[in-house]
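Using the sequences plus the hints, can you model the full thing?
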Amino acid sequence: MKTINLSKITVVFFALFTSLLFAQCSEEEPIGNQKNPPDLRPISGSTEALVETSNSFAIDLFQSIRQNKADENIFISPLSVDIALHMAVNGATGETKEVMKETLGVAEMSDEEVNQAAKLLIEQLLSMDQEVALAIANSIWFRDAFTLQSGFDQLIQEHYDGRIEGLNFDNPEAKETINQWVEDQTQGKIQNLIQQIKDSDVMFLINAIYYKANWQYQFDKSETREAPFYLGDGSNVTASLMSNEATKVNYNYEEELQIIEIPYGNGQFNMVILLPQGGNTVASLMDGLTIDQLSNWLEQTDTLTTHLMIPKFKTEFKLDMSDVLKGMGMELPFTTDANFGGFFNEIPGEKLFLDRVIHQAFIEVNEEGSEAAAATAVAIGVESINLERPDLIRVDRPFAYFIREKHTQAILFAGTMLNPAN
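For the sequence shown, our numbering assigns the number 1 to the initial residue and increments by one for each residue that follows.
By construction, these hints were calculated from the structure, which means they are not laboratory data.
None of these values were measured; they are calculated from a predicted model.
Be careful, since some hints might not be right.
So the derived label-pair ranges between C-beta atoms look like this [to be verified]:
1. LYS312 x GLY288: 27 to 35 Å
2. GLY94 x GLN196: 27 to 35 Å
3. ASP39 x GLN277: 31 to 39 Å
Backbone N, C-alpha and C define an ideal beta-carbon position, used for all residues, glycine too.
Here it is as structure tokens:
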């Protein structure tokens with residue numbers, strides 16, 4: 001596992017939306033505290049291409065989930081789902097591999113390019129801010145009655161720094177072993193990811209992400225006040241609104257929304273809030289959102305020191321993403337016509353299929369900063385056998401948000417906050 005040593009971190013941090021979104025690197029990009037410079041080395045062409053596909057996948061995935069969860073607070077890590085599925089692609093063959101790569105947006109990239117780009121992206125994210133606690137861990141757990149294909153384990157270890165272990169899936173302790181690993185990697189925030197190991201389960205490919213970061217401009221707890229948060233139906237609930245009278249943010253005012261970019265740590269990681277206005281809603285904004293539109297809005301932001309008020313909140317979210325991914329075009333891998341011939345020696349590849357893709361995520365936002373975690377488990381089954389500058393920005397109605405890193409433009413997490421009282 002590649003991780004920043006938490007014992008040496010002075011300000012602890014980790015981020016969401018998700019997927020990750022990285023902003024364009026420029027000379028105007030903040031360089032942070034000189035004692036904590038960001039890792040702004042050039043991004044390789046393949047890594048830049050992977051980030052673009054990952055961000056597009058993040059938006060598509062988020063929109064697909066919203067269609068069925070429109071009335072819920074949603075929080076996911078598109079990056080976690082992306083990494084877990086990329087690991088699984090390495091075991092797919094033929095049309096199954098083609099379908100998965102098409103859905104993930106990497107059909108034009110070779111497996112080697114994708115794997116190497118993923119490795120470089122993870123390394124650069126982990127070195128971007130020493131005041132942010134960020135851990136990205138991968139593992140593969142398989143039924144120990146079988147042996148992995150030669151080279152598959154080395155590939156996962158080399159490019160994803162993954163732990164690979166065979167377990168007796170018939171032993172009830174196997175589930176606890178996997179869940180404990182996930183819990184350890186996420187500082188206890190993601191628990192009981194795997195509810196059941198089925199008789200047909202032969203492998204779990206898992207990604208876990210943990211993020212904890214302090215705001216660059218923290219909120220004074222004594223200034224937090226109970227205040228109305230206005231819901232989409234016109235009613236309101238009471239929320240704890242944090243307040244900072246001199247927060248430096250990046251801000252953009254559009255006819256349909258306000259964009260507020262709030263920095264963590266040395267300024268490389270940030271939370272992006274999309275606050276609807278002018279009769280628009282979170283649903284209307286997100287339904288038409290593209291990664292190009294989001295990038296354009298962010299490019300138009302200007303630095304602004306303002307009085308900022310945002311709600312404290314905590315969200316936990318869990319979902320089997322199988323139907324969502326099928327709806328995005330990844331149907332074949334979930335059928336018995338799939339072919340995953342790159343995993344095992346003993347089991348014919350055409351007998352294996354994606355059984356389920358389980359995703360679980362957590363975020364807490366308070367006066368100090370944000371703590372977020374997520375895990376994705378891909379279960380492989382076998383077939384038997386114009387800028388306005390406000391003096392006050394008040395986020396007191398439903399909004400969408402992302403946690404992103406600017407240099408790489410990667411989206412780590414994404415969410416909607418419809419009701420902070422839930």
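Cross-check of the supplied hints:
no.: 1; hint: LYS312 x GLY288: 27 to 35 Å; result: holds (29 Å)
no.: 2; hint: GLY94 x GLN196: 27 to 35 Å; result: holds (30 Å)
no.: 3; hint: ASP39 x GLN277: 31 to 39 Å; result: holds (36 Å)
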